[in-house]
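**Q** Letter by letter, the chains look like this.
2 protein chains.
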Amino acid sequence: MPSYTAPVKDMQFVLHDVLNIGASDIPGYEDLDRDTTGAILEEAAKLAEAALAPTNATGDREGCRLENGVVRTPTGFAEAFEQVKQGGWNGLDLPEEFGGQNLPYVMNSATGEFFVSANMALNMYQGLTHGAISAILAHGSDAQKAQYLPKMVSLDWTGTMNLTEPHCGTDLGLIRTKAEPQDDGSYAITGQKIFISAGEHDMAENIIHLVLAKAPGGGDGTKGISLFIVPKFIVNDDGGLGARNGVSVGSIEDKMGIHGNATCVMNYDGATGYLVGDLHKGMRAMFTMMNEARLGVGLQGYAQAAVAYENAAAYAKDRLQGRDVTGAKNPDGPADPLLVHPDIRRVLMDQKSFVEGARAFTMWGASLIDRAHRAQDAEADGLISLMTPVLKGFLTDKGFDMCVQAQQVYGGHGYIEEWGMSQFARDARIAMIYEGANGIQALDLVGRKLAQDGGKHVMAFFALVKEEVAGSDDPRLADLRDALKAASKDMQAAGMFFMENGMKNPDDALAGSTDFMHLFGHVCLGLMWLRMARAAYAALDGNTSDPAFHEAKLATARYYMARHLPATALHLARIRSGGAPVMALAEADF
Amino acid sequence: MPSYTAPVKDMQFVLHDVLNIGASDIPGYEDLDRDTTGAILEEAAKLAEAALAPTNATGDREGCRLENGVVRTPTGFAEAFEQVKQGGWNGLDLPEEFGGQNLPYVMNSATGEFFVSANMALNMYQGLTHGAISAILAHGSDAQKAQYLPKMVSLDWTGTMNLTEPHCGTDLGLIRTKAEPQDDGSYAITGQKIFISAGEHDMAENIIHLVLAKAPGGGDGTKGISLFIVPKFIVNDDGGLGARNGVSVGSIEDKMGIHGNATCVMNYDGATGYLVGDLHKGMRAMFTMMNEARLGVGLQGYAQAAVAYENAAAYAKDRLQGRDVTGAKNPDGPADPLLVHPDIRRVLMDQKSFVEGARAFTMWGASLIDRAHRAQDAEADGLISLMTPVLKGFLTDKGFDMCVQAQQVYGGHGYIEEWGMSQFARDARIAMIYEGANGIQALDLVGRKLAQDGGKHVMAFFALVKEEVAGSDDPRLADLRDALKAASKDMQAAGMFFMENGMKNPDDALAGSTDFMHLFGHVCLGLMWLRMARAAYAALDGNTSDPAFHEAKLATARYYMARHLPATALHLARIRSGGAPVMALAEADF
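Chains A and B, in that order, give the protein sequences. Take our numbering: the last position of the first sequence gets the number 1261, and nothing is skipped along the way. Take our numbering: the last position of the second sequence gets the number 1261, and nothing is skipped along the way.
Simulated from the structure, these hints should not be mistaken for laboratory data. Source: prediction; values computed, not measured. A couple of the hints might just be wrong.
[To be verified] Footprint (simulated), chain A over chain B, 3 or more residues, beta carbon under 8 Å: (1) 920–926; (2) 986–996; (3) 1095–1102.
Quick reminder that beta carbons are idealized off the backbone N, C-alpha and C, glycines included.
Construct all of the structure, not just a fragment, from the sequences and the given hints.
**A** Structure, rendered in structure tokens:
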């Protein structure tokens, strides 16, 4: 069975040596000194290692069961969830007035990585609740906030997001769930929603569903959509639980992974719903928190890769098979450890350099969200909006690939469920699909975000890269700096291709959208590795007490630049081949 | 649930328009005219579509169960297997004296694709038997052949290959299973073997295990290994079944996929075994048929991608979601089909161009095996030996990727087991691992095959590419020809890098081994696409009755050249970065 040790030291390096959050001018960051974040991370690590990780394989094996309308979560989930609750982890970054601790979002992300690595399926019950809270915080009335948030922040109640219907996922304009106004100001909600994560389960007293539905008079498509709170149990004025509402679970899905999370078909049969925010403005309300939600899914992608890598590295050190071609490294043993073989090192370095780059990228993204929200910084908001599809799409595509690579290190044992490597790959697979499939992320990036506000945000990104390159005039950084410069040039050339061709024929841009998302992702991780290398040299120059750690960062930076980053040229070549090869076939030829 | 329609027309195109097998001078090919192969393929298609495919999902859902030492295969497997038996499919390319039809191996591969696409797990019971037959044919005594082969060819008995033990897979020199000589000339086999596909099941009267074990006096490592026949039931001199042998199934593995195939732990407890071939020459005997076995696994990789693609294309035509950005294509419907979206077309074209290229590559490889065996052609043998790791490693890596892409087309439904797309990905995953994990294929290619016989075979490959390019002087082929030339140049440059650096430091070559395997694979598929394009133009110039089919081949060729082939430059860049970045970290830094 796999093990998990949370990478506290690596996270501290990102937060302090790289992002220097303690010295940031973002409100709330002034308290985040190295000791404070260290203490929080250590507590999160303990919870992840001791309570969450041990139930991960059980969750996969047992899955959730629907019995007489009740969903039973796997053995041990309720006890582990109780510890998340007791630790107050759900309120870490939520307002104090509702029971939270009001820490910056970046700390929610940093601790979140550990929880997701340890048990992604279990963490989703909390993650969905956090998302629902954010939507109510942003758009709910004061009365709704007072009524629902304290119990949701404490995790006594959990939350869900209900968007998808059987005939529509991405294209929400097609939804059929209806909201009929009632005399008392509430609405009667009727329809069917599918793929509802944590839709029903046995770990909370109440479940607060946020539901998109069409109320009369809003017009066609997404314009007619409103957002509703539909509690499983009606909440009385005194805060106690009242009647069971007309919402029930129809079935739970048999999925490729995240078996520990109950993915439900939810039936709304005239259920009582309460409008959140403005009538017919439901899409806006649901998507306000999109940057956070998508960053959270990107985090799932690399967090699964992180735990998969950790186990693959341990296996490669332990398993004796074959001999080092340059001479035996374990001459007294029957064979050398797998780690001596260059191709095994290659995949481990692929994983390590991706995971550490992705961690820095995600925490940087989280700090931009903090800057946007806490300092009302429109530029930070524009930049994170631009990068959100990259965080989601690139990190989940690559995260899954890295889980598959980690599984491969185990040879035949990787394919046997008992060893746990298959679960990491199967669990990671969903992150490429939900919260907007990765093709949609690429479309959002190229079709919308790139040109937003006159292309201002992508220009700001390029300026940042240029500034980083200019600031890296230390000759020891020359190779890393040049690699990033070349990659950034490829990205600019791709943007130029879109500008010159995409206006005439959108297919010329959209055919290259996924390649652009990956190109952009590589430049982001290259930028992170240059920053990390600068931080490592700074630590070494400052006589760090842990030189091996910082030397390893430098070696890993060089690996990323040498072996991942050249992919930008391939993506550019594909982008430049345009739409014609992609669109050439007639429908009948497929 | 997925459907399956066997691509008979595409296979005929490869066999006749591209490989022109009817006009080949390989003994046995003279009978393979278009009508004959068409009739065989149509029969195989019927069996695959009507009998094998309908049990595929059941096999995945039910899996195999071990009950009191007996393995129960999933519902419907025995009936479907009976039809494979009755159709004589296992003997298609086996000698007539043992009940086979003595057709060329290429026809076994062509029909095999359909069977694997329809139900990979079920096909394995036959495939393992075929492999065991080949080993006995090559190394068994006449008496052994007479005793075992007729019943194995007819599939009344099935076969297995027993190599792996708990502590060793790749490194067979470590095996511990012992063979003690007995007075009657037989051996007593004792030890444990794991990952034994079709090790025990309820679809055959007897199971003939081929087992690697160490007999006294052979020395250390692989030198001491011999190959033994260990039947489940001892076969009497009259051919009837005698006593139950001392071999039993310990457990069956819970795997990521191919649930319908019983993957067994086999315990040998002084079981009676009969030496096959020479004492202490077991490795040679087991690996004689390696080219065929590995080509068969490469075929599994692309065959899963083929059926996954077929379903993804159908879904993309059917599912209405979003609007074409260049104008609605289904204005009277609520939305346009997924197929209008460039990014959906991109992944479908990725899959289609890979699958069709892989099919041609595999059939070409099978025809080289025929030439090597039937015409004792040493050059063909050298070429197919060189390309075998590419067929196995490249086609299974890419085949899995394409299954994942096909699954992605389904959005959320792709993650739900009921829709069947997850199974294709999970089943395809094993092909990257077994019959030599893909890292081992890359090591075999770069560490052994490239330099074999003074590099003669890779030179022969380059000459073939050059000849194809020279023969493609039709100006309509200019773009395709130039793309292949550039890719081939990248491959030559990679070979040059290995020559210049690998002798001084093997790590410089081995760190690039997987990249080289992929680079080589792309050049092979590029070569196939140039051949297919020539064939398509020839058909169009000859006023084919099916111009749309051949026009689609040309468009798909252009797609492959524009969007897959540029990957060679990336692989070259990674190869040239050498061993240093890969080997830089100390063990403790992982």
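**Q** Hints first: check each against the structure and report whether it holds.
**A** Going down the list of hints, with the structure as the test:
1. 920–926: It holds, with 3 qualifying residues against the three required.
2. 986–996: n = 6 at 8 Å, threshold three: holds.
3. 1095–1102: holds (count 4)
When held up to the earlier numbered hints, the structure conflicts with none and fits them all.
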